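Student: Spelled out, the chains give:
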Amino acid sequence: MTKSVGTGRAAHRVLAGVDIEVEAGELVAVLGRSGSGKSTLLHLLGALDRPDGGEITVGGERLTGRSERSLARIRLRRIGFVFQSFQLVAECSGEENVLLPTRLPGAPRGGAARARELIVKLGVDPVAERSPHELSGGEQQRFAIARALVNDPVLVLADEPTGNLDTTAAGDVLRLLRDMTERGRAVVMVTHEPEIAAAADRVLEMADCRLG
Amino acid sequence: MRGVWQEALRGVAQRRGRTLLTAMGIALAAAMLATAVVVAYSLHTGFDRSATRADLPDVIARFDEQPLSRVEPRIRALPGLAAASFRFEVTNISIAGGGHSSRHASVEVIGPGRRGFAILAGRPLGARNGEVLIEQGLARSWGLHPGSTLHMQALGAVRVVGISESPDNVAFPLAAPRVYVSRRSTEARFGHEADPDVNTAELWVKDPGRLDEVLVQARATSYGIRGLRFVTRAGVKILLDEAAGIVIALLVALSAIALLTASVMLASSARAEVQRRLAGIGLRRALGATRTHVTLAQAVEALIVGVPASAAGVLAGTLLARGPTDRLLEVLNEIPPGSALFWPLAACFALTTAIPLLAAAWPVWRSGSRPPIALMTGLELRARRIKEGRSHRLPRRRGTFGLGSRLVTARRVRLLSTLTVLGTSVAFILLMLALASELGELASNPAALGKRYQLTAALPASSAPSVAALAGVAAAAPRYEVQALDSYSLGETIDVIGYPGDHTVFEAPSLASGRRLHGPHETEVGLGLAEVLGLRVGSTLAAELPSGREARFRVAGIVNSLQHDGRVAYVSAAGLLADEPAAAEQIAIRLRPNADRAAVTAGLQALGATPVKTSAAVGTGQTLIDALTAILRVVAIVNGLVCLYALIQALVLTARERRATIGVLRACGAGAGAVRVLLAGAAATVVLPAALAGVLLERLVLGPALARLAAGYASLPLGAGASEIAIVLAGFAIFAAVAVIWVARLSVAETIVGALRG
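Chains as they are written, first to last, in numbering that gives the first Met the number 0: chain S, 0 to 211; chain D, 0 to 757.
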C-alpha cells in the first residue's frame, strides 16, 4: 500500500509500499513513533480511508475500488474499530453506544443479544445505563471494545487502545484483545509503547513509511 | 489594529463554509426586515407624501353648479384662508385613446390658481388649446403618455401634455378616469364665458389646526348654495390610509417578528461558533493576546461577514418588495417614497449588522473574564457535559433516527430558538395564506359581505311585486341608497341603505353587538363607521344627506360589514325617504336556489330593466386585490426562505458540532443513508413541534388578533383552513427534506478520519 497526504508542494508520503498480512486468531502490534504513519495504516485497513496504490483484502473481500456504500457495508459487518479516545457518543448511555452499530441498516441480526452478552462479559453491566462522562476511562474503553465487537467482525483494529488508561486498565484491555483472537478474530493494534506491543503475537515496527 | 484585521481575515478565509452559512442567515434576516419596512413605510407615509407633493387642498367643497361670481366672494371672505381655486367637474364623459374607451370619465375644467395635483410627467396645461392632463392610473392602464392623443366627447381630439396624480381619490380603474382641461380650452371650443359655472372649490387654509373654524364659517355662509358637501384632507387620508391599514399593521408586526427571529438565529449561530472556538481563544490569550484584542478580532470578523451580507439582504428585500408596493401605491394614487426610504433601510442595515456583531463579540468578551487555561481545558464544555448528563434521562428514542433527535435536544437553548423561529414563521405563513384566501373570497363572493340578493334592476319601487312574482325569484324589494356625510367631522362619507321591510332578507351582515333595527328612527351601522365616529349601541348617528337635510338615527345594532370599509348605515326606507325623498332606488332581487337566471333576466327585461349582477367587496378593485396578494406572497416567500435557512442552520450546526459522532457512526458502517436518517431525526425533532406550535399560534393567537385588528372593517375568519395547513406542512416537509439531503451530503463528503478528529 502507498499513501500520501497533502497536495502540491505540501504533499508527502506517509506509507511507501507497506505489506501486511494478518491471520485469523492473530494479535499484531504495529509499533512506531508519533507521525510514523501507523494510524494511517490502521485507517486504510479499516476502510476509513483509501490508499493511493495497492490492494487491501479483509476476510476475503477486496476493499480497493469499491464504492463508499459498499465499503460502509464491509465496515458494518466485517470490521470493528476501537478508537484511541474511545469516541463514545455523549448523548447515549454505555449500553446504547454498544447498540449503535446493531441499529444501522444492514446490520447482522441478533445485535441486541450480542450487545448484552458482551456487556456482561466485559463486566460493565452495572454501569451500562450511565452516560460516558459518568464512566471511568477503563469502563469507557470496555464499552468501546464491546461496540467494536457487537456485529461479530473478522478484523478488529485498535488505535492506541491503552493510550488514555492507567496500567491496570491497560492490562485489562490487552487481555480483552487477546480474548478476541482466541475467538478467531484477527486483531491489529497500533501503539507507541514497546511494553504494550510486547503482548502481541507479532510486532511490526513502522519507520520511514515502511513496516519493518 | 493591523493584527486584528489580519486575524479576522484569516478567520473568515479558514471557515468559508460557516462564514457562508452565517452570511446567508444575515442576508435572509435583512431581506425579511427590509421587505416589511419597505411595504409598511411606503404605505404608512404614502398619503402625506403624495398630498404634500400634490399640494392637496385642506378642504374640497363640492356643490351644485353655480356661477363663479356667486361662490367666489363667499369663499374669499372665509377667515384664515390662504388660497382657493375653482373647478367645474363633469362626469360620465366619453373618452377614447390608446385602443381603449370609457363612457364614465370625469373631466375637470380648471381655472387659474393653485391646482391640488402633482405633475408626474410632461408639463402643466399651457396657453394652447386642445391640451389635457390625465391621471396616472389612466395613463398606465391605457398606455398613454405625454404626446398621446385622446378623443373626448365634445372636445374632439386633444393632446395629452402631462400625467398628473392626486391622492384625493384612488386611481383608475378603481375610480372613474380623470382628465383635466383648462378653462381656456373649453372657452375656445364653446365660447368665452364672463362668469363661468363651477361646482368644486379647493381651499387651502393658513393654519390647518383651525380648520374646524373655517368649516363652521363656510357652512354658515353657504345659504343659497345647494348640494354643498365638504371633504377634508384628513377625511381623505382616513379613507385611503385605512384601506391599507390591515396590511400596514400586519407588516409592522412582521417587522417585529423578523427582528426577533433574526436576533435569535444570528445570536445562536454566533454563540455556537464562539463556543467552538473557546479553546483557540484561550490559547491566543495564553500566548499574550489581550481580552480587547480577541474581542476586536471577533467583532471585525463579524463585520467582514455582516456588512456585505446585510447590505445584500437589504437590497434583495427592497427589490422584492418595491414592485408590488409601488403598484399598490399607484392604485391608491400615492407616490413611492423614493430616497425617503434610505434612512429606514439604513436602520435595517445597521440592526442586521449590529446583532451578529454583538452576538459574536459579547461571548468572547465575557469569556475574557476567565483564566486562559480554563478556556483551553474546556470550562464551557464541562458545563455542557452536566447538561448532557441530564439529557440521557430523557425518554429514549431508539435507533439512528432517535440518536439524531437526541443530538438536537442536547442543545436546549438552540433548540428553543430554532423552534421559536420556525414556529413563528409557520404561523405567519399560515396567516398570509388565510388572509390571501379571505381577500379572494371577499373579492369574488358577494355572500361573504352578507349580501343575499344576487341581482338588482333599475325599476321603480312600485315594480317590486311584479318582480317578486317572476319564476325563480324568492324575494324582491326596493333598495334605496344615498351617500351621506357625518354631520360632525364632515370627513366621513356614509352609505345609507334603506329597505321597506326586513333588510336581513336581502342584506344580513352579522351583528357584532346590539340588535336589528325596528322602526324609522333606528339604524344598524357598520363596525368601520362605529369605530371612526365612536358610535355605540344607543348612540345617535347624525348624517348630512345629499338634500342638505340632516337625518338622525338611534344606533340599534353594529354589524360586521366590509362594504365601503364598514362605513354603512342600514335604516328603514320610511326613515330615509322622510329626509331624502329623491334617494336612488332600485329593486334588489333574491333568487331561489337553482333558479333559472336566464328566465329571470328575460322576465326583468320584459318589465323594462336589465338586471345587474351583485358585486363583491371590491367590484372593479381587482388591481388592489392583486397588489395586496402580491405583497402577501412576497412576504410569505421571504418567510419560507427564513424557515429553510433556520432548518439548514440547525442541522449544519448539529452536524458540525457532532462531526466526531457522525464519524464514529460511519466508521461503524453507517452509509450516506444512515447519516440522512440521523439528520432526519434531528430535523423531525425541530420540524414537528415547530409546525404544531405554528398552527396553534396562528389559529389561537395571530388569526384572532388580526381579525380584531380588522374589526374596523368586518369580522374576518382568519384562522387557517385545512388546505392552507396542508400546504404549509407539505412545504415544511419539503424544506426539511432539502435541508437533510444537503447537510448529509456535506457530512458524507468529509473523510471519516477528518470527522473523527472533530
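It is worth saying that the hints were derived from the structure and are not from the lab.
Just so you know, these numbers come straight off a predicted model, no measurement behind them.
Don't be surprised by glycine CBs; every beta carbon is placed ideally from N, CA and C.
Check before you lean on any hint, since a few could be wrong.
[Said to hold, decoys possible] Residues from chain S that face chain D, not an exhaustive set, calculated with beta carbons under 10 Å:
id, residue
1, Leu-47
2, Gly-105
3, Arg-108
4, Arg-146
5, Val-149
6, Leu-154
7, His-191
[As the list claims (entries may be wrong)] Over the 12 Å line for every Cβ pair with chain S, so calculated as not near, a few chain D residues:
id, residue
8, Gln-65
9, Gly-98
10, Phe-400
11, Gln-482
12, Gly-672
[Said to hold, decoys possible] Just the calculated beta-carbon pair ranges, DEER-fashion:
id, chain 1, residue 1, chain 2, residue 2, range
13, D, Leu-318, S, Ser-33, 55 to 63 Å
14, D, Leu-745, S, Ser-84, 37 to 45 Å
15, S, Gly-52, D, Leu-687, 47 to 55 Å
16, S, Asp-207, D, Arg-15, 34 to 42 Å
17, S, His-11, D, Ile-726, 55 to 63 Å
18, S, Ser-84, D, Leu-318, 49 to 57 Å
19, S, Gly-64, D, Gln-13, 28 to 36 Å
20, S, Ala-197, D, Arg-15, 45 to 53 Å
21, S, Ser-84, D, Thr-291, 46 to 54 Å
Student: Hint by hint, note whether the structure agrees.
Tutor: To see whether the hints hold, each was checked on the structure:
Because the closest C-beta pair between Leu-47 (chain S) and chain D is about 4 Å apart, less than 10 Å, the hint holds. Residue-level restraint check for Gly-105 (chain S) holds (minimum Cβ-Cβ distance to chain D is 7 Å; threshold 10 Å). Using the Cβ-Cβ criterion of 10 Å, the hint placing Arg-108 (chain S) at the interface with chain D is not satisfied: the shortest such distance is roughly 15 Å. Residue-level restraint check for Arg-146 (chain S) holds (minimum Cβ-Cβ distance to chain D is 7 Å; threshold 10 Å).
Interface restraint check for Val-149 (chain S): the shortest CB-CB distance to chain D comes to about 9 Å, inside 10 Å, so the restraint holds. Because the beta carbon of Leu-154 (chain S) sits about 13 Å from the nearest beta carbon in chain D, more than 10 Å, this interface hint is broken. Annotation: interface hint on His-191 (chain S) violated; nearest CB of chain D at approximately 18 Å, more than 10 Å. The claim that Gln-65 (chain D) is not at the interface with chain S holds, since no C-beta of that chain comes within 12 Å of its own (minimum 86 Å).
At roughly 64 Å from the closest C-beta of chain S, the C-beta of Gly-98 (chain D) stays outside 12 Å, upholding its exclusion from the interface. Non-interface status of Phe-400 (chain D) relative to chain S is broken: a Cβ of that chain comes within 12 Å, the nearest being about 9 Å off. Chain S leaves Gln-482 (chain D) outside its interface by the beta-carbon criterion, the shortest separation being 70 Å against a cut-off of 12 Å. In this structure Gly-672 (chain D) is not separated from chain S by more than 12 Å, as the shortest Cβ-Cβ distance comes to only about 6 Å.
In this structure, Leu-318 (chain D) and Ser-33 (chain S) meet the distance hint of 55 to 63 Å, their C-beta atoms being roughly 56 Å apart. The hinted window of 37 to 45 Å between Leu-745 (chain D) and Ser-84 (chain S) is violated, with their beta carbons roughly 24 Å apart. A C-beta distance of roughly 49 Å is found between Gly-52 (chain S) and Leu-687 (chain D), which places it inside the suggested range of 47 to 55 Å. Judged by the Cβ atoms, the range 34 to 42 Å given for Asp-207 (chain S) and Arg-15 (chain D) holds: they are separated by roughly 36 Å.
Checked against the hint of 55 to 63 Å, the pair His-11 (chain S) and Ile-726 (chain D) passes, with Cβ atoms roughly 56 Å apart. A beta carbon spacing of about 51 Å between Ser-84 (chain S) and Leu-318 (chain D) agrees with the range 49 to 57 Å that was offered as a hint. Checking the proposed 28 to 36 Å range against Gly-64 (chain S) and Gln-13 (chain D) shows it holds: the Cβ atoms sit about 34 Å from each other. For the hinted restraint 45 to 53 Å between Ala-197 (chain S) and Arg-15 (chain D), the CB-CB distance of approximately 47 Å keeps it satisfied.
Checked against the hint of 46 to 54 Å, the pair Ser-84 (chain S) and Thr-291 (chain D) fails, with Cβ atoms roughly 35 Å apart.
Of the numbered hints given earlier, the model fails hints 3, 6, 7, 10, 12, 14 and 21; all others are met.
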